[in-house]
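Line order of the protein sequences matches chains Y and B. Here the working numbering is used: the first residue of the first sequence is 1, the next is one more, and so on. Here the working numbering is used: the first residue of the second sequence is 331, the next is one more, and so on.
One thing to keep in mind: the hints can contain errors.
Ranges of calculated distance between the beta carbons of each label pair, as one might list FRET restraints [as the list claims (entries may be wrong)]:
1. B/G411 x Y/W226: 39 to 45 Å
2. Y/A137 x B/L367: 55 to 61 Å
3. Y/E45 x B/L370: 56 to 62 Å
4. Y/P144 x B/L367: 57 to 63 Å
5. Y/T19 x B/K409: 53 to 59 Å
A few chain Y residues facing chain B, derived, Cβ under 7 Å [claimed, not checked]:
6. L190
7. V202
8. V232
9. V239
Bear in mind the hints are in silico, worked out from the structure with no lab data behind them. Cβ coordinates follow ideal geometry from the N, Cα and C atoms, glycine included.
Here are the chains, one letter per residue:
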Amino acid sequence: MTVAGQATAAGTRHRPATTLIEPLTYSARAMGGRLVVHLAAVRSEEARARHDASTVQVRVGRWADRLSRHLTASELSALNAAAGATVPVGPTLAGAMRAGQAAARTTDGLVDITLLDARLAAEAPEPGVATRALDRAWRLVPGPHGTAVVHRAPGVRFDLDGVAKGWLADRALGLLRWWSGAIVDADGDLAVRCPPGRHWAVAVDDPRDPGAMLAVLHLAAEGGTWPSTHGVATSGTSVHRWEWAGEARHHLIDPRTGLPAVTDVVQATVVAASASEAEGLAKAAVIAGSEDGLALLERAGVRGAVLLTDRGETIASPRTLALLDEPGGR
Amino acid sequence: MQARPTPHQAEPGRPSKARPDPTPMRMAVGIGGLATLSGLVTAIFVVPAAAPVTDAATLAPASPVTVTQQRPVVYVQLKPGQTAPPGATVIDAKAPKPITIVTRVAAPAQKTVIVHTTQSGTVVP
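With the hints as constraints, model all of the structure from the sequences given.
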């Protein structure tokens, strides 16, 4: 359904002309995926750019190792293995868990970092065990120097998953504060800083066709004088997907059922103020489905959203249309 | 010590001055104050009409016309049995929410894009 009035109003909003950033790019592996740093640097700054990108990648890799459920030596694994109802955690894990609390608030509870057991059940050959009856209550009591104490109901175990990636991307961008134009790509979740007068072009990949794009989003500094930050994140059901006995399953658990979400959204991309916020909202939009998901995104005031449905439609929220045109390209 | 006479008291031994009656002046000041207050209240609370601003309207000389307050009704929820105001567009509450669908945005035709957002685990070519 197209609402022409909305499309016109959003699509013709004036955007000052800016030039496209062609960055220096540094790739590494972390968090079980890619960790890429893009810097709006000129060739004469290459040595400093490489040094800063490398520093960030090492530090993010170290933080990610504390937050992974796949590493038995991680702090998250230690928390999940601990028997007690109260467990002290360090500043990195506490910070990521706070991001999980914020995501739960922003998404009306659709993002829930206590669904590890439901996720593992979905990966098992037997039909998933619904965990909605389980009391998953938990809270953080702040301690000194960013530490905290986790208070949880018996048996609650955590899976930070995408929450950690968005949070790490934002934190890594903070380490690159000297670069007015920078992007940290944490396995598809982007923390973006736009310098005045220039813009980034970010492709939303089409999951049905490797190399194809659903859209290109042009992100520029909003005020025109100071750098602006954005977060861009994509979530979906088409990559982490598998079948058991003819039953299709995926990794996005609906906390209302404890099972993989039944949804018509194959993939959701959200532009928000931070990667952490965008990641949570993108995941929530997939879990909620296209109609309720778009309503949630509108309530959250996202800067843009592109959804791909199982009917093959590409749906954009009205504000997105302003991002689809290259600034000054009219 | 003798108390100093107040300004309104005549000093002993002097004939009192004839003063004008203050009542008409007080009434005039009071009426003027009320008129000023009324103007201020009108300026604060009367919202300009939501008419489209055009060059002609901007350039037209100010005329002492009566300002009428317009409150455009944007949304009305009808109860069972009620009818919509004349000229109103009625939408079905159960209809899909007004969203814009952009099918197959033409962006892929453009030049190479270096930065991609993907689902986690996607191998970027």
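Right, here's what the structure says about each hint:
Distance hint check for B/G411 and Y/W226: the Cβ-Cβ separation is about 56 Å, which falls outside the suggested range of 39 to 45 Å. One distance hint, 55 to 61 Å for the beta-carbon pair Y/A137 and B/L367, holds here, with the actual separation near 58 Å. At about 60 Å, the CB distance of Y/E45 to B/L370 agrees with the hint of 56 to 62 Å. Distance hint check for Y/P144 and B/L367: the Cβ-Cβ separation is about 59 Å, which falls inside the suggested range of 57 to 63 Å.
Checked against the hint of 53 to 59 Å, the C-beta distance between Y/T19 and B/K409 comes to roughly 56 Å, which is consistent with it. The beta carbon of Y/L190 comes within 6 Å of a beta carbon in chain B, closer than 7 Å, and the hint placing it at the interface holds. This hint holds: Y/V202 has a C-beta 5 Å from the nearest C-beta of chain B, less than the 7 Å allowed. Given hint, Y/V232 at the interface with chain B, holds; its Cβ is 5 Å from that chain's nearest Cβ, closer than 7 Å.
Interface hint status for Y/V239: upheld, as the beta-carbon distance to the closest one in chain B is roughly 4 Å, under 7 Å.
Hint check: a violation occurs at hint 1 only; the rest are consistent with the structure.
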